[in-house]
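A.B. asks: For reference, the chains in residue letters:
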Amino acid sequence: MMQLRSRLKDYRQAAGLTQAELAEQIEVSRKTINTVENGVFVPSTVLALKLARCLGCTVEDLFQLPD
Amino acid sequence: MNLLTLTRLGGNFLVLGAAGAFVVSAIAGGSVQPWQVAVMGALALLGGLAQMLVSIVRPKTIKPAWDEQTVASHRGSYQFGYWAALIGFWCLLGLSQFAGIDLGIAFVWLGVILLSAPSAWMVVSTLLGRAG
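Note that the protein sequences, when read in sequence, are chains P and Y.
Taken in order, the first sequence gives residues 1 to 67; the numbers are from our numbering.
Taken in order, the second sequence gives residues 1 to 132; the numbers are from our numbering.
There could be a bad hint or two in this list.
Heads up, simulated EDC-like pairs for lysine to aspartate or glutamate below, C-alpha to C-alpha not over 16 Å straight-line [stated by the list, open to error]:
{"no.": "1", "chain 1": "P", "residue 1": "9", "chain 2": "P", "residue 2": "60"}
{"no.": "2", "chain 1": "P", "residue 1": "9", "chain 2": "P", "residue 2": "21"}
{"no.": "3", "chain 1": "P", "residue 1": "50", "chain 2": "P", "residue 2": "67"}
{"no.": "4", "chain 1": "Y", "residue 1": "60", "chain 2": "P", "residue 2": "27"}
{"no.": "5", "chain 1": "P", "residue 1": "50", "chain 2": "P", "residue 2": "27"}
{"no.": "6", "chain 1": "Y", "residue 1": "60", "chain 2": "P", "residue 2": "21"}
{"no.": "7", "chain 1": "P", "residue 1": "9", "chain 2": "P", "residue 2": "61"}
{"no.": "8", "chain 1": "Y", "residue 1": "63", "chain 2": "P", "residue 2": "24"}
{"no.": "9", "chain 1": "P", "residue 1": "50", "chain 2": "Y", "residue 2": "102"}
{"no.": "10", "chain 1": "P", "residue 1": "50", "chain 2": "P", "residue 2": "60"}
{"no.": "11", "chain 1": "Y", "residue 1": "63", "chain 2": "P", "residue 2": "61"}
{"no.": "12", "chain 1": "P", "residue 1": "50", "chain 2": "P", "residue 2": "61"}
{"no.": "13", "chain 1": "P", "residue 1": "9", "chain 2": "P", "residue 2": "37"}
{"no.": "14", "chain 1": "P", "residue 1": "50", "chain 2": "P", "residue 2": "21"}
{"no.": "15", "chain 1": "Y", "residue 1": "63", "chain 2": "P", "residue 2": "67"}
{"no.": "16", "chain 1": "Y", "residue 1": "60", "chain 2": "P", "residue 2": "37"}
{"no.": "17", "chain 1": "P", "residue 1": "50", "chain 2": "P", "residue 2": "37"}
These are calculated hints, taken from the structure and not from any lab test.
When you get a sec, could you build the whole thing from the sequences and use the hints?
C.D. replies: What follows is the structure, encoded as structure tokens:
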């Protein structure tokens, strides 16, 4: 059951970044970006905030609870 | 996959390879000896040493290789290792009591389980993209 709905991929692509480029900027593995985008891995608060800061949006823009 | 992740994966593969070789040897008619478990332990230590060296030579590989998803998978490997050892203990105790397996041999097999279970978890996690 998906715990989190993610729009990370949309914002990442809008920023013109590949998964690898985004991963390098926030110092995580590309695989982690991939699993967060697919909703497989739920990021910590710190990681979510880093992603939001890097992409110039809010955490709520990137992640939502499933309805 | 960065160098530290590859090193960790390689070390875990070596430990699993040794465990597999001992299992095949045991099925072929031999039995696992204490020195073989010591070899597995030595391989695990060498793997750890190799990771430490890579971390020193390439410090930029550390954060991606040990990001929070990898740390979570690593924690999972300990949990898996615990349950594997617990179930293995009860199975081996039962075999020693009711199937005539020597307690010393059973103890050695428990060592094989203890060493290989966490490595197996990490290998699968890495290949599934759950450990960077």
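A.B. asks: Would the pair residue 60(Y) and residue 37(P) pass a check requiring their Cα atoms to be no farther apart than 16 Å?
C.D. replies: 24 Å, violated
A.B. asks: Verify the proposed pairing of residue 9(P) with residue 60(P), using a straight-line Cα cut of 16 Å.
C.D. replies: Holds, at about 14 Å.
A.B. asks: Given the proposed pairing of residue 9(P) with residue 61(P), does the C-alpha separation stay at or below 16 Å?
C.D. replies: With Cα atoms ~11 Å apart, residue 9(P) and residue 61(P) stay inside 16 Å; holds.
A.B. asks: Verify the proposed pairing of residue 9(P) with residue 21(P), using a straight-line Cα cut of 16 Å.
C.D. replies: Satisfied, since the Cα-Cα distance of roughly 13 Å is no more than 16 Å.
A.B. asks: Are the Cα atoms of residue 50(P) and residue 37(P) separated by 16 Å or less?
C.D. replies: 15 Å, holds
A.B. asks: Just to be careful, I want the Cα atoms of residue 63(Y) and residue 24(P) compared with a cutoff of 16 Å; is the pair within it?
C.D. replies: 10 Å, holds
A.B. asks: Is residue 50(P) within 16 Å of residue 61(P), Cα to Cα?
C.D. replies: 13 Å, holds
A.B. asks: Is residue 63(Y) close enough to residue 61(P), meaning Cα to Cα at most 16 Å?
C.D. replies: The given pair, whose Cα atoms are some 26 Å apart, is violated under the 16 Å limit.
A.B. asks: Is residue 50(P) within 16 Å of residue 102(Y), Cα to Cα?
C.D. replies: Status violated; Cα separation ~56 Å.
A.B. asks: For the pair supplied as a hint, residue 9(P) and residue 37(P), confirm whether the alpha-carbon distance does not exceed 16 Å.
C.D. replies: 6 Å, holds
A.B. asks: Take a quick look at whether residue 50(P) and residue 67(P) sit within 16 Å of each other, Cα to Cα.
C.D. replies: 25 Å, violated
A.B. asks: Does residue 50(P) pair with residue 21(P) here, judged by a C-alpha cut-off of 16 Å?
C.D. replies: Holds. Residue 50(P) to residue 21(P) sits at ~14 Å (cutoff 16 Å).
Checked against the numbered hints above, the structure breaks hints 3, 9, 11, 15, 16 and satisfies the rest.
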